[in-house]
Amino acid sequence: MDMNRWPAARAVAWALALCAGGVPAWAGEVRVAVAANFAAPMQRIAADFEKDTGHKALLSVGATGKFYAQITQGAPFDVLLSADDETPIRLEAEAASVAGTRFTYAIGRLVLWSAQPGAVDDQGAVLARGNFRHLALANPKTAPYGAAAVDVLKGMGLLEALAPRFVQGENIAQTLQFITTGNAELGFVALSQVAAPGKPVTGSYWLVPPLLHGEIRQDAVLLKIGEKNAAASALLSYLKSAPAKAVIQSYGYGH
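Using the working numbering, the first residue of the sequence shown is number 1, and each one after it goes up by one.
Treat the hints as calculated values from the structure; they're not laboratory data. Warning: the hint list may mix true and false statements.
Calculated cross-link-like contacts (lysine-lysine; reagent style DSS-like; alpha-carbon spacing at most 27 Å) [what the hints assert, rightly or not]:
1. 245 / 56
2. 141 / 154
3. 224 / 199
4. 245 / 228
5. 141 / 199
6. 51 / 245
7. 228 / 56
8. 154 / 51
9. 66 / 224
10. 199 / 228
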């Protein structure tokens, strides 16, 4: 084949594949580090992404702070979907990500949640009453939702009084598990973890007013390892699409 004609030939092949309802033979894989709070919506988005583009997203779920440490030590991730905006900014400053690729894909909402109906009122007054033994939250040093929870308690003047009752999760997923299993009667988690699309929230919860903590801007960024990975760039573009945004919003995120 004349290599000068390859770009045009590839474009035609791509168009024919799409018209035929298939996927291109060169569809690739993208390794994605996903903040724990975004696991459920990202699983749905990844499935739609593969169906629509042929590219497969390989998801690793965990705490943003731990992902940062792994990425700076050379972990083979192509894309980071962070639980904050500070970590992607740091990676950009340290030349560990591709400049100009960072954007906010979701704005998180914090809830105080209990698996027990009636345990949490819709104003969060249960925190001041203190009629519970354990309060779960994610490690504020590595998990942005944990840091937001600390902001809330500080603002309410309750941090010092409630700190001895903390049950601290490594990430927001483990925090939810503590509450679900009864190891903590209540705790701070992401709205997306307890609000499945089309289903009522089980248990009881207080949707924390955003004014009580810093805005939880969740940024995505293309990492240096993924700079030449077409599937990685395609995923970031897909996250900005209307179908992906609809999934994100259905889990209670702002955008």
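Verification of the supplied hints:
no., hint, result
1, 245 / 56, "holds (19 Å)"
2, 141 / 154, "holds (15 Å)"
3, 224 / 199, "violated (39 Å)"
4, 245 / 228, "holds (25 Å)"
5, 141 / 199, "violated (32 Å)"
6, 51 / 245, "holds (17 Å)"
7, 228 / 56, "holds (16 Å)"
8, 154 / 51, "violated (45 Å)"
9, 66 / 224, "holds (18 Å)"
10, 199 / 228, "violated (40 Å)"
Violated hints, in rising order: 3, 5, 8 and 10; the structure is consistent with all others.
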